[in-house]
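Protein chains in written order, with my numbering: chain A, 1 to 324; chain B, 1 to 324; chain C, 1 to 324.
Quick caveat, the hints were computed from the structure, so don't treat them as lab data. Glycine included, C-beta positions come from ideal geometry on N, C-alpha and C. Wrong hints could be hidden among the right ones.
Quick list of in silico lysine-lysine cross-link-like pairs, DSBU-like style, CA-CA up to 35 Å [unchecked claim]:
1. A:K324 <-> B:K307
2. A:K314 <-> B:K300
3. A:K307 <-> B:K300
4. B:K29 <-> B:K54
5. A:K249 <-> B:K318
6. C:K119 <-> A:K314
7. B:K74 <-> C:K321
8. B:K155 <-> B:K9
9. C:K307 <-> B:K307
10. A:K249 <-> B:K63
11. B:K324 <-> A:K75
12. A:K307 <-> B:K321
13. B:K155 <-> A:K321
14. B:K155 <-> B:K63
15. B:K318 <-> A:K54
16. C:K300 <-> A:K300
17. A:K140 <-> B:K128
18. C:K120 <-> C:K155
19. B:K119 <-> C:K119
20. B:K140 <-> A:K128
21. B:K29 <-> B:K5
22. A:K321 <-> C:K82
23. C:K72 <-> A:K307
24. C:K300 <-> C:K91
25. B:K300 <-> C:K324
Where chain C lies over chain A, by a calculated footprint (3+ residues, C-beta under 8 Å) [to be verified]:
26. 23-34
27. 157-166
28. 260-267
Derived coverage of chain B by chain A (criterion: at least 3 residues anywhere in the stretch with Cβ under 8 Å from a Cβ of chain A; other residues may be distant) [claimed, not checked]:
29. 135-148
30. 162-170
31. 192-206
32. 232-245
33. 257-264
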Amino acid sequence: MKINKFFHKTNSINLSKIFKILNLKFNLKDIKINDIKDLHNASSKDLSFMNSIKYLDLLKKTKSKYIVTNLKYKKLVSKYGKPIIVSNVLKSVADITLLFYPYSLDDTFDINASYPNIKKFKNVKFGKHVLLGKNVNIGKNTIIGHNTIIESNVKIGSNCQIGNNVILKFTEIGENVKILDGAVVGKKGFGFFPNDKYNQRYPHIGMVLIGNNSEIGCNSTIDRGSLSNTIIGKNTFIDNQVHIAHNVKIGSNCIITAQVGFAGSSVVGSKVQIGGQAGISGHLKVGNNVQIGGGSGVIKNIPDNCKVMGYPAKDFRKFLKENK
Amino acid sequence: MKINKFFHKTNSINLSKIFKILNLKFNLKDIKINDIKDLHNASSKDLSFMNSIKYLDLLKKTKSKYIVTNLKYKKLVSKYGKPIIVSNVLKSVADITLLFYPYSLDDTFDINASYPNIKKFKNVKFGKHVLLGKNVNIGKNTIIGHNTIIESNVKIGSNCQIGNNVILKFTEIGENVKILDGAVVGKKGFGFFPNDKYNQRYPHIGMVLIGNNSEIGCNSTIDRGSLSNTIIGKNTFIDNQVHIAHNVKIGSNCIITAQVGFAGSSVVGSKVQIGGQAGISGHLKVGNNVQIGGGSGVIKNIPDNCKVMGYPAKDFRKFLKENK
Amino acid sequence: MKINKFFHKTNSINLSKIFKILNLKFNLKDIKINDIKDLHNASSKDLSFMNSIKYLDLLKKTKSKYIVTNLKYKKLVSKYGKPIIVSNVLKSVADITLLFYPYSLDDTFDINASYPNIKKFKNVKFGKHVLLGKNVNIGKNTIIGHNTIIESNVKIGSNCQIGNNVILKFTEIGENVKILDGAVVGKKGFGFFPNDKYNQRYPHIGMVLIGNNSEIGCNSTIDRGSLSNTIIGKNTFIDNQVHIAHNVKIGSNCIITAQVGFAGSSVVGSKVQIGGQAGISGHLKVGNNVQIGGGSGVIKNIPDNCKVMGYPAKDFRKFLKENK
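Chain A with its partners taken away, still in its complex shape (with noise of 0.2 Å):
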């Protein structure tokens, strides 16, 4: 994961004051905490957590010394490291997460954006009523459309094509990129604890990251990650009225048509072809080689190589037959 410049982050944490804040008891030697990432991501001085069996690969190589998880996972997790047991596991991860990142969840627009000052970006075009943020990083031979809308921090290569009417925020653009009018991208993700009063927000500290060569479409909405990235893959090729949610990743070389959606976490290969208005489930992982018709729904991964057609999808010739 690359260093999120996006968000401020405090140093180092006590492991008494997160269990404190957790309600828990402490009585282990205390130690720094220096940030909470994924397990994959996780160094030894890092904490992590658990909350799915289908994580166990990642478990069983994780560099994180201490896992916040459940009562369900306490003896499976005890075997890799030191188990931090929580009622709610993304309850905690959050409190915990808000305790590293104190502005996370101050996730308004930049207010005070302001006009472009033209000196600073040589080779660079700019459309009318463009506003910047602060620390914008454009590549030569960028264009950048009228009303357009870049925040703070964001980074975009070179030869690229922003759109009218786009909004870039928590962002960062490789080269040749077409991002195409009115594409919102980098909103923080719909993720929350529902709450009878008053929902409570999930931190989202991730980034959204587009690979060179790739084209987002009109009028879609691409969503920034909670503690890891949303990735869109080189060269792949995404239509109007596209959803992409939190955490997704999605590989090279894919087609994506107009009005597919893709909920929360889901991973997707590369060469992957998604006929239109297909939705993909949270939480899945879709193989390389795949090709999902329209209007499909897809609720389970899907391996390497295959064509499924359905809702549920499944089998294309099957779905064929069935349907003759």
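Since the structure of chain A is already known, use the hints to place chains B and C on it.
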């Protein structure tokens, strides 16, 4: 129903005049009629209408004494009021609405909206290029994003965040509400009488009401009501690219994920969760505590506490069983 | 097909030069070719192409004498003209199109659009921040909403209402048309040749044509055609968040509700009604007076006067019976 400040209403109109525009013979004693309202909201001085047996319960309780209906319901309506028999109930209601609200078809946009007079709005922050109509009311500590347009008479509570490129018209918003980038709220509904040469628009004199602590996602669209209001309850969160048609009423504490669509006039209870891309047909009733799986197509009423999935939506366990 | 004013076309090109860019041996008598067009629109001086048996009827009637095709159709095409045999018809057509229209891949946005010269547009009202390209033609009594961008050579008829935040390019609009807030009309279609490193764009030299009295909903997207035009007929109403891909042709008096999607090149008749969230696959033909239920997935042609529903779409009564 709240008093409508968005549309100019004429004073009371003689019943004989109403009969005249309906091309009906008038042989009753003439009286003044104050307004036209649905069965539920009509007072004893208002006209009302009935065009489906679904509204029998409301008919029994209505205070209205003159009810526009067709031959089919003449006998039934006679038990509770004086039936005014027409061939096309909705068309006649539209004609009468236009009589009471003579400007209700002038649904263009507020070409005269202009930059906010900052002095009038203490403790409100405005982004760049914001345009306001006349008599806009904004509560303290609310922020309004860049390029956002707020038309005349719209009311926004305190502590709200209205994003960038948002359009608000014919709308009242509670406290602590978030409307995210690119959402369009309050446009007239997609209701009209088809006509070979030139479809005739239906007047839409309803508003959009959004309760406290709710959130509306990016690029979502919420249409205002025709004769009643479109309502989003308190603490209901709506994700990106959701469409909510005219007259829809959604309860409190609902969670509605991306790309869901509601057809007109459906009523949804509280604590309802709806997965991505699901669709709810028009004029349906969805109970409380209902869960609707992603991609479902709901075409009939759903009682309280049910969990459904599929197209058409059925019991969730049945759906899973049939699709093993 | 209307004469294309949006893309510069070179003069006629020697057939030998066309063979050269296709890497084909040239052993014919050299002649001048005027343009490349589809079988229906080509004159005797234009090149055309054939890549599917679906176009047999058009082949029989075409005026074109030189037709790009592949080995499979060599014999068939020989009956009606001189076949030019290539391995990838669409790729070769793209290469030839680029030869005739050398700027057809420069599909960025009009960075030089500027504020309207009010004097030039009598009886036209403009909102704030409107930007126009060169040679824009707007009829009397038309109003243009705030922040709207209208690119060069776009033509808008009289009595139209173009909403706020609308983007129009490569488009011609009739009289009394409404384009609602946030719609994006005329972007290039989602057509390209996948390539491991860098997808190759297909030229899109078609326009979007919108007939009199029609309406396009909020945040909808309509892409322009590749070699033919995308067409919306007269008095056709399209709701919010609808997507219409390149080359689609929709007839008159249609009613298309929210979130419907059309894949490329489908042809839809008149008086067609389509329920919310339905999807129409590419290259299909939907007849006149057809009704398509909400949420349907249409994957084959539908004859006149049919009523269908389901995914895949089937006879409506059959759908209801199977789903009792």
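Checklist line | Those earlier numbered hints the structure runs against, lowest number first | finding: Violated hints (numbers, rising): 6, 10, 13, 22, 26, 28 and 31; every other hint is consistent with the structure.
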